[in-house]
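A.B. asks: Using the hints, position chain B against chain A.
If you read the protein sequences in the order shown, they are chains A and B. Residues in the first sequence are numbered consecutively from 1, following the working numbering. Residues in the second sequence are numbered consecutively from 396, following the working numbering.
Hints may be right or wrong, so weigh each one.
As the list claims (entries may be wrong) - Some chain A residues close to chain B (C-beta under 10 Å, calculated; not the full set):
hint : residue
1    : R201
2    : P305
3    : P347
Just so you know, the hints here were simulated from the structure itself, not pulled from any lab data. Even glycine gets a Cβ: it sits at the ideal position worked out from N, Cα and C.
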Amino acid sequence: MDSKTLSELHDIFQDVQDKQDWKAALDTLFGSLRGDFVFDNVVIYLVDPKTKGLDVAYARAVGRGKTAEADVAWGEVFANDVIAKEKMLLKDPVPGAEEADRLNQAYLLGFPLQIGAKLQGAIVFVRFGGPDYSEKHIQLASLQAFWTMALIERRALQEARAELDSVQRQMRLQDDFVSTISHELRTPLGFIKGYSTSLLRQDTSWDEPTQREFLTIIDEEADRLTKLIEDMLESARLQSKTLQFKFTPIRLDALVRDIAQRVTTHHPDLQVAFDVHELRPIRGDGLRLSQVFENLFSNAIKYAPGSKLTISMQGVGDKIKVSFADKGEGIRDDYLPFLFERFYRVPGDRTVTGTGLGLYICKQIIMAHHGKIWVESVLDEGTTFYIELPSDLTL
Amino acid sequence: MAKRVLIVDDEPRYLRLLEANLRTEGYEVTTAQDGVQALEVFSAQPIDLVLLDVMMPRLDGFGVCQRLREFSNVPIVILTARGEEQDRVRGLDLGADDYLVKPFSATELLARVRAVLRRAQPPADTGQARFFTHNDLKIDFARAEVWVGEEAVSLSATEYRLLLQFAHNIGKILTSEDLLTSVWGAEYKNDKEILWVSIARLRQKLEEDAHNPHHIVTRSGLGYLMPPIEA
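In isolation and in its complexed conformation, chain A is listed as follows (with noise of 0.2 Å):
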């Protein structure tokens, strides 16, 4: 070999093998060669494996007959045949056939491709109308054939890899996710446990209003975890996606001023304010809104007991911005980012019961209708949820 054709070799492998994408480097490969090997198509079929039919898995027809049609018609049969008969095969065209249509003058070039010890495909070449294929240009798609292999076995490695790294993240996600899980599930088991057995003491007495404290207590750790099971399911069928929503005309600030009317008639003491302006209607699943919306209200009640709340919603553009604040005692700023994390909870007074999935959920619904929700949050002064959903401007 001169050291030209080296140095061409050499320019061309690096070429081919720098392209990540597969079929990306078989157009720079067949691209590079075809000064040397003149042809008009070439069609890579591969065993699907499932159904053992072929399947075009690559065609680039670069000469004439450039039709998709064209390529599938001719080749297939052909390419069966090198596969059954597991070696390379050279095909005139039938003589006697339209001299004149040389799209029918199809001379065809396969090669079998055998990835690993398995015979998985065939590479064919075609010429519309001669002229032969000559030892040089054998010898050269050979080269190619071979390349090809390479190439199929190296997108086959990073598919698993791709694979097996989305394999490894899922379950580094299930770890966490169960070891989190048991935790939560613990805590209010361990109150139940701790307390039932303190009443089930046979060497001790206890008095009847701490009788009813322990009860009371084991009967609110019992909600706990009905809670807790619940909001894990549904966040759970929110995170794989199998929630289904109906999607229907809503009318943002009804529904919200239903949810207050409902809120203030447990909390007498609670005051809401209201701030509507240019509302548009929108398009979304009601009664996931509204637990948005009694999630927010039942966080504001807990932990910013006794203030007052004022909501306001705007049509701004094509979108609806509602905000809900508080003017409690606010959430430092190095809990923000955390807020909607699943199980998350800002570390501080327990005495406070939840699941860390509410505003998780409420995030997942918002998603799911295509919005946004935030928060912002000043210490001493109050907090403020905001949310962002497109309105429908057909309505």
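C.D. replies: Only chain B this time, still in chain A's reference frame:
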């Protein structure tokens, strides 16, 4: 005099649970809601036992355990919601005397507290000689002090009791069950993990080379012994 127990937990409902049960048994109770507060309370009054939760804000239970062990041999029981082996071993490694995995029953809690306090009591005077020596190791039974060469060694109550088992049975192989029953109590008979960690800690403190021990020797498959001193 009533024993005073310090309970450290950030969940008020655990504090209430522990306090209510301990009071029925005549213990005095002091509480702290986080690790930093626990250390403050501890230095302000005499405490006979610490019940310590692991997951707490500011300073966690492991941190508190480590700090307490720098200056005190007070019996410590770790309360952990995570029953995983590595957590239990970590607590024992840091010098805790025992652990209790949440959820636990009230009677289990009280039994553990009794057992740990029993271990912490100085053993009854057996009318033996005041001092015991084993090469460079010296025990002053009257003052419950241990020396290696010229240096005083600080042992937890459990570690001291464990050492006494060997000193009183010199040359005799003691099985894990023997040691667990006599030091910790019959209910710990199968808790080999707690014994392994305690032996390892004892060796760290007493042996020149903990991997090549001379005071407490392992007899594979049989148990442990303090070998007789060669004449």
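A.B. asks: Hints first: check each against the structure and report whether it holds.
C.D. replies: We went through each hint and held it up to the structure:
no., hint, verdict
1, R201, "6 Å, holds"
2, P305, "17 Å, violated"
3, P347, "5 Å, holds"
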